[in-house]
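**Student:** Taken in order, these protein sequences are the chains called U and F. Counting from 1, position 2 in the first sequence corresponds to residue 7 in the working numbering; the numbering is continuous, with no gaps. Counting from 1, position 27 in the second sequence corresponds to residue 41 in the working numbering; the numbering is continuous, with no gaps.
Keep in mind the hints are simulated off the structure, nothing from the lab. Errors might be hidden in some of the hints.
To be verified - No more than 27 Å apart at the CA atoms, straight line, and that leaves these computed lysine-lysine pairs for BS3-like:
{"no.": "1", "chain 1": "F", "residue 1": "K23", "chain 2": "U", "residue 2": "K47"}
{"no.": "2", "chain 1": "F", "residue 1": "K85", "chain 2": "F", "residue 2": "K23"}
{"no.": "3", "chain 1": "U", "residue 1": "K6", "chain 2": "F", "residue 2": "K28"}
{"no.": "4", "chain 1": "F", "residue 1": "K85", "chain 2": "F", "residue 2": "K28"}
{"no.": "5", "chain 1": "U", "residue 1": "K47", "chain 2": "U", "residue 2": "K117"}
{"no.": "6", "chain 1": "F", "residue 1": "K85", "chain 2": "U", "residue 2": "K117"}
{"no.": "7", "chain 1": "F", "residue 1": "K23", "chain 2": "F", "residue 2": "K71"}
{"no.": "8", "chain 1": "U", "residue 1": "K47", "chain 2": "F", "residue 2": "K71"}
{"no.": "9", "chain 1": "F", "residue 1": "K23", "chain 2": "U", "residue 2": "K117"}
{"no.": "10", "chain 1": "F", "residue 1": "K85", "chain 2": "F", "residue 2": "K71"}
{"no.": "11", "chain 1": "U", "residue 1": "K73", "chain 2": "U", "residue 2": "K6"}
What the hints assert, rightly or not - Looking from chain F toward chain U, a few residues come up when the C-beta cut is under 8 Å (computed):
{"no.": "12", "residue": "G56"}
{"no.": "13", "residue": "L57"}
{"no.": "14", "residue": "L59"}
{"no.": "15", "residue": "Y62"}
{"no.": "16", "residue": "A64"}
{"no.": "17", "residue": "G72"}
{"no.": "18", "residue": "F104"}
{"no.": "19", "residue": "V110"}
{"no.": "20", "residue": "E114"}
{"no.": "21", "residue": "F116"}
{"no.": "22", "residue": "F117"}
{"no.": "23", "residue": "G118"}
{"no.": "24", "residue": "Q119"}
As the list claims (entries may be wrong) - If you only want the chain U side, here are some residues facing chain F, beta carbon under 7 Å, derived:
{"no.": "25", "residue": "L54"}
{"no.": "26", "residue": "S58"}
{"no.": "27", "residue": "A83"}
{"no.": "28", "residue": "K105"}
{"no.": "29", "residue": "L106"}
For each residue, glycine too, the CB sits at the ideal point set by N, CA and C.
Spelled out, the chains give:
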Amino acid sequence: KQEVTQIPAALSVPEGENLVLNCSFTDSAIYNLQWFRQDPGKGLTSLLLIQSSQREQTSGRLNASLDKSSGRSTLYIAASQPGDSATYLCAAPSGAAGNKLTFGGGTRVLVKP
Amino acid sequence: NAGVTQTPKFQVLKTGQSMTLQCAQDMNHNSMYWYRQDPGMGLRLIYYSASEGTTDKGEVPNGYNVSRLNKREFSLRLESAAPSQTSVYFCASNNVRNTEAFFGQGTRLTVV
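Using the sequences provided together with the hints, build the complete structure.
**Tutor:** Here is the structure:
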């Protein structure tokens, strides 16, 4: 059974500092891993999808890495801004056909001006 | 650019009432999902449909039924609502293994 863990549950940083968000998963036989952002009272917005054949995926100030052998993914957000304040969730496929998404509990980020 | 559309956005039910949450996607995705999100519990999968005509139970299926009406639409039904079903419900879709999952804006359901 896939289990996904995100530590820490909450993080507070001053504006301009780089953010490092961690995600670990137990079943390394994954096709991909996805990072999402959720603002309070809103739905989930997809940030990055990393396929199992990739080690990194970049979008603007966001960079996500994937290490299947160690069961870890890391989301880096460069030069954080107050607008980056949100909850960040990672999700890994689970089930025999990999057709279910199991989510971590999320990391709530506050970027202080 | 609709993506995944859920209706309604908010609903209050009395214990024992029934209702159906509707979800539609316009991205030609094969797979669709229903999740609930509760404080401290994260996102939990209720039911999913890997393709048109198939549905499977997730982690927390009790008290719910689903229908994959066609490739676009996937509905979630509460036959007899209970206070424990007070939650925010999200619908999502993707093409398994290949594409990102996209989520609707959620339905905030309160059962009193």
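**Student:** Does each hint fit the structure? Answer for all of them.
**Tutor:** The hints, checked one at a time:
1. For the given pair, K23 (chain F) sits about 11 Å from K47 (chain U) by alpha-carbon distance, which is consistent with the 27 Å threshold.
2. Note on K85 (chain F) and K23 (chain F): the hinted pairing holds, with a Cα-Cα distance of about 22 Å set against a maximum of 27 Å.
3. Simply put, K6 (chain U) and K28 (chain F) have alpha-carbon atoms about 36 Å apart, too far for the 27 Å limit, and the pair is violated.
4. Proposed proximity of K85 (chain F) and K28 (chain F) is contradicted: the alpha carbons are some 32 Å apart, above 27 Å.
5. Distance check on the hinted pair: K47 (chain U) and K117 (chain U) sit about 21 Å apart at the alpha-carbon level, within 27 Å; holds.
6. With a CA separation close to 44 Å, the supplied pair K85 (chain F) and K117 (chain U) exceeds the 27 Å bound.
7. This hinted pair checks out: K23 (chain F) and K71 (chain F) have alpha carbons roughly 24 Å apart, not beyond 27 Å.
8. For the given pair, K47 (chain U) sits about 25 Å from K71 (chain F) by alpha-carbon distance, which is consistent with the 27 Å threshold.
9. Among the hinted pairs, K23 (chain F) with K117 (chain U) is inconsistent with the structure: their alpha-carbon atoms are about 31 Å apart, more than 27 Å.
10. Restraint check for K85 (chain F) and K71 (chain F): satisfied, since their Cα atoms lie roughly 18 Å apart, inside the 27 Å limit.
11. Our distance criterion of 27 Å between C-alpha atoms is met by K73 (chain U) and K6 (chain U), whose separation comes to about 16 Å.
12. Evaluation of the G56 (chain F) hint against chain U yields a held restraint, the C-beta minimum of about 5 Å falling below 8 Å.
13. Using the Cβ-Cβ criterion of 8 Å, the hint placing L57 (chain F) at the interface with chain U is satisfied: the shortest such distance is roughly 4 Å.
14. Below 8 Å, beta-carbon pairs count as interface contacts, and L59 (chain F) has one with chain U at about 6 Å; its hint therefore holds.
15. Of the supplied interface hints, the one on Y62 (chain F) holds, with its beta-carbon coming within about 6 Å of a beta-carbon of chain U, less than 8 Å.
16. A cut of 8 Å between beta carbons decides the hint on A64 (chain F): the least distance to chain U is about 5 Å, and the hint holds.
17. Because the beta carbon of G72 (chain F) sits about 7 Å from the nearest beta carbon in chain U, less than 8 Å, this interface hint is met.
18. Satisfaction of the interface hint for F104 (chain F) is found here, the shortest Cβ-Cβ separation to chain U being roughly 6 Å, below the 8 Å cut-off.
19. For V110 (chain F), the shortest C-beta to C-beta distance to chain U is roughly 4 Å, which falls under 8 Å, so the interface hint holds.
20. Because the smallest distance between the Cβ of E114 (chain F) and any Cβ of chain U comes to about 4 Å, under 8 Å, the interface hint for this residue holds.
21. Because the beta carbon of F116 (chain F) sits about 6 Å from the nearest beta carbon in chain U, less than 8 Å, this interface hint is met.
22. Residue-level restraint check for F117 (chain F) holds (minimum Cβ-Cβ distance to chain U is 4 Å; threshold 8 Å).
23. Nearest Cβ of chain U to the Cβ of G118 (chain F): about 6 Å, under the 8 Å cut. The hint holds.
24. For Q119 (chain F), the interface hint holds, the least distance from its beta-carbon to any beta-carbon of chain U being 4 Å, beneath 8 Å.
25. Given the 7 Å rule on beta carbons, the hint for L54 (chain U) holds: about 5 Å separates it from the nearest Cβ of chain F.
26. Because the closest C-beta pair between S58 (chain U) and chain F is about 11 Å apart, greater than 7 Å, the hint is violated.
27. Residue-level restraint check for A83 (chain U) is violated (minimum Cβ-Cβ distance to chain F is 22 Å; threshold 7 Å).
28. Because the beta carbon of K105 (chain U) sits about 6 Å from the nearest beta carbon in chain F, less than 7 Å, this interface hint is met.
29. Hint status for L106 (chain U): holds, given a least beta-carbon distance of 6 Å to chain F, under 7 Å.
The structure does not agree with the numbered hints 3, 4, 6, 9, 26 and 27 stated previously, though it agrees with the rest.
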